[in-house]
Structures are given as structure tokens and as C-alpha cells.
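*Asks:* Listed below are the residues making up each chain.
There are 2 protein chains.
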Amino acid sequence: MSVDTRYSLDERSLDRGLVRWIMKSVGNPRISVRLWNGDEFRVTEAPPVACMEFRSRRAVFKLLRAPSVGFGECYSEGLIDIHGDFLAFANEITAAVTQRDANRYYIPRLKSLLHAARPNSLSRSQHNVHHHYDLGNDFYKLWLDERMVYTCAYYDTPAATLDEAQVAKLDHVCRKLQLAPGQKVIEAGCGWGALALHMAEHYGVEVIAYNNSREQVAYARERAAALKLDDRVTIVQDDYRNIHERCDAFVSVGMLEHVGLANFRTLGALIKRVLKPDGIGLIHSIGRSFPNPPDPWILKHIFPGGHIPSLSEMMSVFEPYKFSVLDVENLRLHYARTCAAWLASFEAEADKVADLYSEEFLRAWRLYLAGSSAGFESGTLQLYQVVFAPRGNNDVPWTREHQYPRAAESH
Amino acid sequence: MSVDTRYSLDERSLDRGLVRWIMKSVGNPRISVRLWNGDEFRVTEAPPVACMEFRSRRAVFKLLRAPSVGFGECYSEGLIDIHGDFLAFANEITAAVTQRDANRYYIPRLKSLLHAARPNSLSRSQHNVHHHYDLGNDFYKLWLDERMVYTCAYYDTPAATLDEAQVAKLDHVCRKLQLAPGQKVIEAGCGWGALALHMAEHYGVEVIAYNNSREQVAYARERAAALKLDDRVTIVQDDYRNIHERCDAFVSVGMLEHVGLANFRTLGALIKRVLKPDGIGLIHSIGRSFPNPPDPWILKHIFPGGHIPSLSEMMSVFEPYKFSVLDVENLRLHYARTCAAWLASFEAEADKVADLYSEEFLRAWRLYLAGSSAGFESGTLQLYQVVFAPRGNNDVPWTREHQYPRAAESH
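Protein sequence lines correspond, in order, to chains A and B.
When we follow my numbering, the leftmost residue of the first sequence carries the number 157, and every step to the right adds one.
When we follow my numbering, the leftmost residue of the second sequence carries the number 157, and every step to the right adds one.
Calculated from the structure, these hints are not laboratory results.
Heads up, some of the hints might be wrong.
Because identical chains cannot be distinguished in the list, a pair is counted as satisfied if it fits within a single copy or across any two copies.
Keeping only pairs whose Cα atoms sit at most 30 angstroms apart, straight-line, the calculated DSSO-like set for lysine-lysine is [what the hints assert, rightly or not]: (1) 508 with 456; (2) 180 with 267; (3) 180 with 432; (4) 432 with 297.
Whenever a hint applies, use it, and build me the whole structure from the sequences.
*Replies:* Following this line, the structure appears as C-alpha cells:
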């Protein structure tokens, strides 16, 4: 009897010790812990922002073996539960990990290089795109804005709604490109076509937009026809590597993340080939403040084949082809807010998501959206818009005042 | 007799052949050639923009041995003369060379790495700075604007004069830094103090400004006292590596070019140490669109120890310390115009320059100013302003509208 009790006590303190070790390894966040055996504790004095419940010992072992993948899978499967505000939990964990990693540079950089060594072939890219973007338009309609823009919005005024901020983003991109009626624009990775349609409708340009996702292409074509823009907007279901038309402007919003570092030069060479010498280009991409491989759980379950580049890594699109980088803007706080807005809409439709797919899918996507918002909020993730021009193109704006129409109007 | 003639004819055609070869190696510019023997010819059909006179065969040999250093030294010494508009000549040669080099990437990149391997020690930096900036304030007063700003101006309106454009630049930098009264600013490499004094006078901040140049420091201190700003502006005659004060804003305009690539990380570590976690920084530097070593003549005669970084190279200031790059603006066309304005003032004072120094000095500096303007005009040179913040600083502006006061006013 006494042996049993002692054994049970030891086991209990071993469990607690392992979980303490896990919490320490993510920077001792202000998160209280509840174990399957009813044991509850904190790892810091500060009041907790949420409670993390380990519902079985298996969750502890999975986290010990692979922290990111382990947590993602355990949360998705329900082996771990979060009590309290999920976004606050994600922000707290991300901030603590970021703090812990403040001085790590060489190991992530090396991992980033190793990760980058695997290029995405045409068929692999097709598979990766299919995995994420062909989940079904009905799913994305549940929580995206009315135009189905699945990239960082631009909150040009603090009171802007997500819908308004997505339109502001489309206009911000168009102003940066200084579009003029009659110009030909190539878009690489056009999503559901919102930017292509906006450019054609409001800036009078002709657009050829490429996309590998069957579902998105079908939707974009339908919308182009409905808006009677199909004479000026051509949606091509193909890989960016097969772009061949010449253009006055080249734009890609939210595709570079899927290109893979090993193919950045391929993309640069392609732009060099298609963009006219007096043209202009814009690449909008999630980025890092230093080279760092993607989160392993995101890579395994959400975005296979992706790579989130640092600015120095992004330069391998531009420098080998001597593009002149004109303007880089970092919109990371806008993306934190965009993801938080998506998460709120997503939660409001949680029952429908669970019906469409499964409880596990719902939880995985909750984690992905909240984790992304937390990544941008903490500075783990950045959002870069890079404007560039072929070398020696002097037909570029002298200032960026045209990007701020209230300034331009007052002239 | 016939032998002599044949010999003379051969010699003449040999000279012409060598010069043709030189002109071909710089991309066959629209420049006519005149030789010491009276021979005149062109290398293209197009009408020449200027005439290049080789005044002795020695000039040909010097150019064959080392094109850039050879040309610079021959022109300075008067072995080569340029007839016609000197800036037009510089623009034409630079454009032709740029065109010729359109597809060269790996060789300049390799050379850039080799060049960067030689770090500037403290004493070497002191020597390099002395070489250029201690030429005497009277010399720079002849052709700089009234505030003695020796960096790229910002022509926010097309009609701006150099004086106005330099003030606009100072304000543009201050707006990017979002200075608020009472803040402490560290400036690394303050020139004659124009920015430090402007920040203290118009933005109510306290400035500690570092500079290695004895002559500039003396002038800046005098100006601070005259403007009764010496209680808020401290000019320190020391290397940037000895900065130790903590600050709300870190700014460096036109110093990075002298730091040398091997010391970029040293600079980044320094900024990390002195900039508060909620601070902001700005580095303004001449740049390249791809890694490329400095021009050998410039390195030998004008700016010893310099390195002009590409954006990917510049990132080694920021990425190892996880700074978040917020904003990059390329002002290359502004610098082409600034250098052209300097050249015009310089030419107007040519006699005084020759009296102060020598005819050779006058010619070397004419070539440097015209060549710099041509470099920015052609896209061989870029001018980057990079705004950055410590990782996780969320107290940064949501948009860049505040940089455009006409936009901010109309709110």
C-alpha cells in the first residue's frame, strides 16, 4: 500500500516535471497547466492568460519528441485543450518562444539553408497548391472577405473593416505599380482573382493571371464573366514557370511563400524575361527578419513545400538579374490584424467548418490562423511588399507620395 | 623612305586599333576620339556626345593596363582631355559600360567578397576619413549647400533647389524616425552636423553625434554654439565603434559606405546594444543593385576603404540581430540630381579649387562628381534609406502617410 502511494506520488511529480521542462523550453509563458490527473500549476508568478490542458500523458511524450508538430497534432486531435482566449494563448506562447530565441541566429540560418536545398518541381508544386487552395471555395467563403482575398489586408485607417482593408490593399498595390490604362499586367498566383479583376475594372489594364489551383481558377473565371471583364482578364491554370507573355507590370501577391528558396532565381529569370525594360514589378510575401525555416507543423499539415524568406534571401530573386529595388514596405502589423479578423469569422462559422470537414480540421485551422496572427504580432513573421524595376529604368516615381492619395489630392 | 612611311602608317593603325579596342571594352560609347598625332575617328555611327582626346601614347598603355584607374589618373594628369559637356561624357561612358556588363553577376560578386575580406581597423578608418573629409571646410563650402550636407538630397518637388532639397531630406529622415521632443538620438557619422542641428532645433530632441573627421567636428561644434544648441547637441570626435549611450533613435546618413562589409555585423551589434527595445533606426547609404566592389580609381584616389553594399549585403547589419526592416526607399535619381548640382557649383568655383589645391585635384574631383552622378543616373549606383526597429517593437507606424505631410495635413 505504502509502495503504491509512493509510486503514484513519484509518477505525479515526474509528469509535472516533464511538463515544466516543456514549458521552460518555450520560454515559461504565462499559461497555467492542467494535467489529466487533475494536477494544476503555473510556471511563472504572473497571472495566466489561458490554461493549457494535457488530456493524456501521450501529449507530453509527443511534445517532448517534436514540440511544434507535437503540439499542433495534439491540439488538433484533442489531446491538448486550451481554456480561455485562443488568440491570447497563441500570442503568449509565440512571444515567449521569440524571447527565448532572441540570440539564436546560426542554427536557424543553417536549417533554412538545408530546408531550401529541396526545390519544388512542377508536379510537387501542383500537389502542394492542391493541398491548401483546393479545399473548396465554400470553405474559404465562410471566413474571407467578400472578394475572397487570402493575403494581408492594408488598414489605411484604424476604423477600416476587413472588406475595406482588402480593397485598400488592392489599391495600394495598384498605386505602387502606377498602372495606366491599356497596360498589360502579368499576375503570378492570382488566388480567386480579386486583384486581377480590380486592376482591370478600376485601372483599365489587361491582365493575364496564372494560378495552379483548379478551384480558384474556376471561381476567378466565373467572376470575370459575371463582371464582364473576361475580355480583359485571362485566367491561366498553369505554373508561374510557364509564363511567357511580355508585360508592363509584373505582380505577385502571396505566391513567393510557395516558390521555395531554391527556385527564387528561376522566378527572377522569368521576370527578367517577361518584364519590359521600362516596366515595374511588385512582390508581396510573408517574410522573416532573419533566415529561418518554416514551422514544422505548418510545413507538414498546412503549407507543404513553403519557405518564408528573409529580405537577404528575397534578394536572390532580384540581385542576380540586377533589378533595382525601389521600395520595401513591411506590413506585419496589418497581417496580425488580418489573421485575427479571419479567425473571428472562422470561429463564428466553426460548426459549419466541422460539418464540412471534421473537428480535427477545425482545430488545426484555428491553430494555424491564431498562430499566424501571433507570429506577425510578435515579429516572428514579417510581410514585405517589394517594388522593383529593371536596371536603368528611370521612368520611376521620384517620391512615394502617389501611394498616399490624400497627399496627391492636396496638390 | 618607303620603309619609314610604312612603319609610320603601321604605327598609326596600331594606335588606332588599340584605342578602338579600349572603346570596345567599354561598350562602344558615342564618344569620338582624337589622338596625339591628329588622327580623329568614332567607334559608332551615332553622333558623338563628346570627344575624348588622348594626348600621348602613354595614356593608351595606362588604360590598357587598368581601365578605371588608368582613365582616372590620365584625366587628372591631363594625359586625356574631354571636349564637350563633361557630365554628358560621364553619363555616356557609364551607360555603355552598364550595358556591356548587363549579364555579369558572379565575377563582380566574387570580387566584392574578396574586397570585403579586408576590415577597416580603428586607425585605418581614421586615416581613410582624414583623406577625404579633412580636405578643408573652405573647399566643401565652395560647392555644397548652405548647411554643408554632403549626402543625397530629397527633391520632394521638381522645382526644388539644392538648398531646399537638402532641408527636405533632413525632414524626410526626421519623419521616418518619428522623432518626439525629449528623445535621445545617436547619430553615427554626422558630417558638418546639419542633421544633428536640424533634429535638435526642429524636433526638440537631444543628439549625440559621432564623427572621426577633425575638421568636420570643429565646424559642427562651432555651428551648435552659434545656434545656441550646444546644450542639446554633443559632437563627439570618435569612431562609431566607441558609441555607448542608449538612445530612442539611431541614425546614420552616408557612413555605411565607409564601414566596410567586414564590419557590418559590428555595426549591427552596436545598434542592438545602444537602441532601446521600443526605438527606431535609419541607415542611409549608397548601394548597389547587386554585390560589386567599388570602382578601383574611386577606391585609390577618392574613398579609400569604402564598400558600396547591395541590399542583401546590407542585411548583414540587420538580420543577425533580428531587427525588423520596416521600410526601404531607393532615392537613386535624387542622388544623380544632387551630384549634378554639386558639379555645377564646383565648376563655377573651378579657379578657386585649382588655387586651393592643384589642377590635377580639380580634374580628379570633376571626374568623381560627374562619375557619381552618372552612376546614379545609369543605375550602377543606388541610394537606400532603410528604416528598422528592434524585433517585436509594435510601437511603429501603421502606414507611411506621416512621411508625406500633405497627406497628414488633409486628415
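*Asks:* All the hints need checking, so say for each whether the structure fits it.
*Replies:* So, going through the hints one by one against the coordinates:
In this assembly of identical chains, residue 508 and residue 456 lie within 30 angstroms of each other by CA distance solely inside one copy; the values are 24 angstroms within and 71 angstroms between copies. When the C-alpha separation of residue 180 and residue 267 is checked against a cutoff of 30 angstroms, the pair qualifies only within one copy, where the shortest distance is 23 angstroms, while the shortest distance between copies is 46 angstroms. In this assembly of identical chains, the alpha carbons of residue 180 and residue 432 lie at most 30 angstroms apart only when taken from different copies (26 angstroms versus 54 angstroms within one copy). For the identical chains of this complex, residue 432 and residue 297 are neighbours neither inside a copy (36 angstroms) nor across copies (43 angstroms), given an alpha-carbon limit of 30 angstroms.
Hint compliance for this structure: hint 4 is the single one not met.
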